[in-house]
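Participant: Residue numbers (the working numbering), protein chains in the order written: chain A, 1 to 86; chain B, 1 to 86; chain C, 1 to 86; chain D, 1 to 377; chain E, 1 to 377; chain F, 1 to 377.
Treat the hints loosely; a few may be bogus.
[Claimed, not checked] Straight-line C-alpha distance at most 30 angstroms; calculated DSS-like pairs for lysine-lysine:
no. : chain 1 : residue 1 : chain 2 : residue 2
1   : E       : K338      : B       : K39
2   : C       : K39       : D       : K193
3   : D       : K193      : D       : K307
4   : E       : K103      : B       : K39
[Unchecked claim] Negatives, chain B to chain E, calculated, CB over 10 angstroms:
no. : residue
5   : I14
6   : T18
7   : M33
Derived from the structure by calculation, the hints contain no laboratory data. Heads up, the beta-carbon is just placed ideally off N, CA and C, and yes, glycines get one too.
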Amino acid sequence: MGGLLESGFELMMIGMGTVFSFLALLVVVTQSMSWVVLKFGLASDPHVANLRLGAADKLPSTSKQSAQHVAAIAVALDTHLRTPPL
Amino acid sequence: MGGLLESGFELMMIGMGTVFSFLALLVVVTQSMSWVVLKFGLASDPHVANLRLGAADKLPSTSKQSAQHVAAIAVALDTHLRTPPL
Amino acid sequence: MGGLLESGFELMMIGMGTVFSFLALLVVVTQSMSWVVLKFGLASDPHVANLRLGAADKLPSTSKQSAQHVAAIAVALDTHLRTPPL
Amino acid sequence: MDLLDQLWNGSGLAQMTFGQFAMILISLLLLYLAIAKKFEPLLLVTIGFGGLLSNIPGAEIATGNGLLHLIYEVGIETGAFPLIIFMGVGALTDFGPLLANPKTLLLGAAAQFGIFATLLGALGLSALGVMDFDLKQAAAIGIIGGADGPTAIFVAGKLAPELLGAIAIAAYSYMALVPIIQPPIMRALTTEKERGIVMVQLREVSTLEKIVFPLLLLLLVAFLLPSAAPLLGMFCFGNLMRECGVVERLAETTRTSLINVVTIFLGLGVGSKLGADSFLTAETLGILALGMVAFSIGTASGVLMAKLMNLFSANPINPLIGAAGVSAVPMAARVVNKVGLEANSQNFLLMHAMGPNVAGVIGSAVAAGLMIMITGG
Amino acid sequence: MDLLDQLWNGSGLAQMTFGQFAMILISLLLLYLAIAKKFEPLLLVTIGFGGLLSNIPGAEIATGNGLLHLIYEVGIETGAFPLIIFMGVGALTDFGPLLANPKTLLLGAAAQFGIFATLLGALGLSALGVMDFDLKQAAAIGIIGGADGPTAIFVAGKLAPELLGAIAIAAYSYMALVPIIQPPIMRALTTEKERGIVMVQLREVSTLEKIVFPLLLLLLVAFLLPSAAPLLGMFCFGNLMRECGVVERLAETTRTSLINVVTIFLGLGVGSKLGADSFLTAETLGILALGMVAFSIGTASGVLMAKLMNLFSANPINPLIGAAGVSAVPMAARVVNKVGLEANSQNFLLMHAMGPNVAGVIGSAVAAGLMIMITGG
Amino acid sequence: MDLLDQLWNGSGLAQMTFGQFAMILISLLLLYLAIAKKFEPLLLVTIGFGGLLSNIPGAEIATGNGLLHLIYEVGIETGAFPLIIFMGVGALTDFGPLLANPKTLLLGAAAQFGIFATLLGALGLSALGVMDFDLKQAAAIGIIGGADGPTAIFVAGKLAPELLGAIAIAAYSYMALVPIIQPPIMRALTTEKERGIVMVQLREVSTLEKIVFPLLLLLLVAFLLPSAAPLLGMFCFGNLMRECGVVERLAETTRTSLINVVTIFLGLGVGSKLGADSFLTAETLGILALGMVAFSIGTASGVLMAKLMNLFSANPINPLIGAAGVSAVPMAARVVNKVGLEANSQNFLLMHAMGPNVAGVIGSAVAAGLMIMITGG
Ligand code: NA
Ligand code: NA
Ligand code: NA
């Protein structure tokens with residue numbers, strides 16, 4: 001009985017210690033990460049936006065192609081892009 | 001052979017009896033339920049509507065808060081309410 | 001070692017042969033199918049459209065029924081049609 | 001060359017039996033009926049394609065570790081798929097018309113006579129030596145008359161898995177044929193005047209009644225016929241999610257993604273029972289014939305019950321709506337509407353037929369529970 | 001007649017025990033609270049209905065090959081369903097407020113004191129001979145204080161499956177009661193002035209930070225506390241899918257169809273543990289009492305921690321947001337907002353409370369991992 | 001203290017092997033490529049995260065009763081997940097361009113030369129003693145050249161499950177690298193004038209042709225190569241649901257919720273094969289090298305075949321579209337379009353490339369069926 005209570009008490013100490021240490025470390029790590037991101041301008045909106053540019057956005061755009069062509073290709077691409085890669 | 005037919009016949013009698021008794025009882029029970037609901041005005045639309053008011057609707061509304069604040073909180077809440085409880 | 005390479009080579013021959021034969025046959029079969037469909041006018045749009053007419057479209061339409069009635073039935077049917085058959 | 005031999009021996013041309021070839025044609029016929037004729041497409045497209053796959057020689061899709069066989073074991077042998085479909089149907093069902101006129105539950109009771117008459121018929125054929133069905137098999141065949149696919153599949157999976165393919169095909173085929181089977185029977189048993197009866201408009205039903213009803217139904221099942229609890233329990237659960245107003249996101253998923261996914265796999269799993277060996281038997285012909293009888297008797301019983309009730313009812317009942325008591329939701333209700341409009345072009349019976357229509361679902365689930373309990377499923 | 005006897009013997013009236021009857025009433029009560037009072041309806045509707053089904057005598061839905069028992073075995077015994085729900089919650093969680101103010105993670109740590117105090121309490125009751133919980137059971141009961149349903153179910157499934165029903169009911173009931181349990185404690189431990197503290201507006205958080213955070217969290221778990229990896233791993237996976245911007249179709253399905261389907265089956269599976277035999281015991285009462293203690297201590301610890309942090313913090317922290325550290329997402333954050341507005345009608349704490357709120361999810365998952373590792377789950 | 005020891009011994013720092021650390025870095029690299037570079041994100045995000053989870057020491061997520069191992073057993077070992085994905089891809093595929101110009105099927109055939117050349121390469125490396133692949137393993141590696149993820153996973157699961165992780169990584173990596181691998185090969189094998197060829201506009205294809213095609217394809221498979229029936233059967237089933245017009249709700253769910261859910265679990269399951277022990281081997285390097293060869297040879301074969309066909313064709317074929325025959329749907333078709341526009345800014349080849357693109361899916365499934373039959377999967 002006493003043994004059970006004792007191991008419970010020990011578990012409580014270790015447990016709260018672990019939870020606190022873990023989350024405190026997470027505070028530090030998170031703050032460092034944010035500092036790096038902000039310091040090196042990695043979070044600048046253009047950059048983030050860039051990060052999200054998909055292949056579709058890199059499609060060729062030549063000045064000569066007519067609006068009609070562009071529309072046609074857009075429709076075709078749109079249909080096509082719905083297919084997730086195999 | 002005869003035994004099989006006989007137990008089939010018995011099953012038919014018992015079966016139709018059960019189906020009829022069960023659904024007839026359901027008629028009575030349903031009518032009673034509806035009677036209670038209508039008699040005691042439990043079905044009045046306001047009440048039913050009330051029944052459906054969620055916690056979100058009970059949020060504080062003070063006369064002083066600016067429209068801006070209300071809008072801000074609405075957006076926040078909306079985002080937040082999408083999270084189903086853990 | 002040599003045996004393994006040999007059976008690999010054999011597999012390659014048989015494999016490419018099978019793939020080509022299968023797809024070549026599919027070319028012929030597909031072209032024949034399209035020929036039949038187009039030849040016998042099975043692809044005419046009205047026909048194809050007909051093919052797609054569901055039971056709902058065959059519902060009675062009498063000249064006397066008022067627009068109101070039609071609206072009511074439309075609503076009812078719409079609700080009802082959402083139920084997939086048991 | 002060895003490999004060429006192996007290729008030829010592995011081909012369908014070398015391995016296909018006549019039975020498999022016949023089943024492929026039957027599967028294509030089912031697909032044709034589903035796609036071109038709109039016969040219960042949600043089920044017949046999936047079952048038909050499952051049948052195609054199951055009769056490809058050497059592919060072993062419907063046996064051993066083949067996908068369709070795994071689907072069958074996981075979802076149908078356990079009863080899980082029909083029960084989940086029933087939950088979805090519950091989430092799609094509006095008990096409003098039934099609650100507005102609860103007496104129509106009796107029409108749903110009467111139409112189940114088709115089930116028991118067919119059971120007797122199956123045993124009769126066996127007594128005559130034409131067929132060889134035991135009590136469990138006869139009960140499973142009878143349930144075709146319930147005109148509810150998931151109920152028929154659930155019962156067949158419990159009582160006669162060896163007949164599951166034929167029973168499912170019969171059930172869905174006749175449900176698809178409801179617009180052809182029912183009208184002559186309905187017209188034969190009613191006068192033009194009866195068919196023209198206009199019924200009083202249904203009252204509005206409150207949300208609270210709709211919330212309480214599935215619970216009441218479940219409690220009645222719990223106290224009186226627990227063996228019907230799996231089927232009706234899941235049905236009531238789906239309906240409670242629909243009506244209670246606080247779990248709309250669950251109800252929405254249940255009646256869309258979930259029921260759709262399970263329908264696909266249910267169909268493929270049933271299709272796995274269309275292998276030539278098990279399907280191309282005399283029993284299948286017997287089942288198809290008995291299924292037709294079951295539908296006809298159920299329809300007739302519903303109509304006659306409505307005429308009987310009319311003798312005692314203050315508000316007149318159009319006897320046509322009795323035919324909807326077989327269930328075959330929602331086709332039978334639409335047929336009632338159509339036949340009613342022929343007699344009286346201002347007489348819209350659809351809403352009135354929806355009461356007996358869903359009552360028929362309850363009725364056949366009750367019958368199914370009873371069968372399972374008594375024949376020891 | 002034999003069949004009539006069989007019918008009667010198979011009925012619920014003949015078979016129902018008093019315990020089953022009581023459990024049916026309790027299940028109906030859960031449904032009432034869920035539907036009429038909006039107590040965690042997504043879970044209490046499904047658990048409550050599962051409880052109803054599990055106490056229908058003779059239906060065997062929650063035992064053997066019954067659907068609910070199969071669901072339990074497949075989804076809960078394996079831990080799969082709570083983990084998938086956690087993935088879905090990850091896909092729904094916005095770590096923005098937490099990233100804007102990472103120190104609030106400490107509030108989520110403090111609130112976990114409720115877990116360990118309750119564990120000690122459970123062992124204390126056993127030491128006193130009032131109850132008879134071993135270390136694993138006490139640990140599982142303690143996790144109720146984490147105020148996260150899936151975490152509690154996951155841990156109970158590993159450490160004390162025999163208590164799963166009671167633990168789940170306690171967890172969700174108290175999460176539903178958060179608006180009643182927390183405010184008095186929050187008011188007792190704070191002054192009007194403290195409750196009125198206005199916090200500085202949170203900064204905008206960049207997409208990159210949001211993408212990196214779940215990976216950082218997972219790496220920390222991997223290096224320091226791998227036993228928390230299943231729970232936090234799935235949580236981080238869901239969150240990464242949400243934030244990374246390139247798998248939006250997967251994230252969308254995860255937080256809608258997938259989480260909804262799994263919620264339905266999780267609820268039914270938990271409900272299968274509400275059988276009278278296992279639920280109607282003295283232990284259940286003990287668990288309910290201990291669960292209440294857990295919530296209260298967790299709330300108090302969070303508030304006190306916030307007051308402590310205020311002594312060292314440049315920017316003032318409103319101590320109320322510490323109460324959100326128990327998690328109970330999102331209810332606890334809303335309660336904080338409400339109590340804050342009472343003290344200062346211009347003080348919207350919701351966003352500030354969301355940081356500790358999700359920190360509490362992380363904190364209790366960490367505690368859960370530790371418990372499982374140490375008590376040998 | 002004992003518990004502190006236990007905590008330390010249970011930590012990742014104490015248990016992690018160098019291999020696990022390396023695999024965590026590799027998994028992070030996959031995530032980086034998927035998120036920042038958009039390399040097949042649907043698969044590389046899920047596989048990469050699965051790889052992370054699988055290399056957390058002591059968490060046992062990818063072994064025993066761990067979630068990822070259960071997913072692997074249930075969904076990949078049985079072949080169910082790749083087949084369901086194939087059904088979903090069928091429901092997403094428009095055979096219109098292929099039906100308008102069926103001869104492009106031959107391009108899809110030619111590109112499969114990459115598969116068999118790679119198989120021979122793998123056996124050659126073994127003959128040289130550099131590697132040690134048997135026939136089954138060589139066949140599974142060759143299928144990487146098919147440039148279809150589900151096909152590669154299905155075949156690897158049957159023939160060489162021990163190589164599944166490496167094969168899947170190679171397949172998806174090279175599919176992602178298609179825009180980098182293919183253009184130089186395409187340019188090297190064609191003249192500027194050939195690349196500028198404008199093809200005649202494709203005709204409209206009727207609904208009936210689209211409905212009949214998947215059935216025709218399946219029948220051909222059934223009669224000639226049944227071992228390809230699981231893959232092509234599910235593909236045709238999905239496509240029939242899409243085109244037949246009567247089960248739109250099933251098709252819609254198949255190409256959204258269902259394929260999304262299965263993609264998530266497929267990715268996690270494949271990721272469970274990225275454990276350091278099985279992945280960090282010389283074989284993996286060999287597989288990566290061979291996979292690159294497979295893609296290059298497949299691309300070249302497709303282009304050369306198109307040039308060959310051009311000698312006999314009335315309507316000129318732009319040889320670039322041959323490169324789409326490897327499949328890698330839809331990336332390869334987009335690459336064709338891009339390279340074509342470089343040569344002639346008015347030349348939109350996308351629709352023309354979609355024919356060989358889906359033909360490549362059929363071609364590699366045929367090759368897969370053959371491999372499984374002959375090497376005895
Ligand atoms: Na029925
Ligand atoms: Na928590
Ligand atoms: Na391919």
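Participant: If a hint holds in the structure, say so; if it doesn't, say that too.
Facilitator: Evaluation of the provided hints:
no. : hint              : in the structure
1   : E:K338 <-> B:K39  : 38 angstroms, violated
2   : C:K39 <-> D:K193  : 51 angstroms, violated
3   : D:K193 <-> D:K307 : 12 angstroms, holds
4   : E:K103 <-> B:K39  : 57 angstroms, violated
5   : I14               : 5 angstroms, violated
6   : T18               : 7 angstroms, violated
7   : M33               : 14 angstroms, holds
Against the hints set out earlier in the document, violations occur for numbers 1, 2, 4, 5 and 6.
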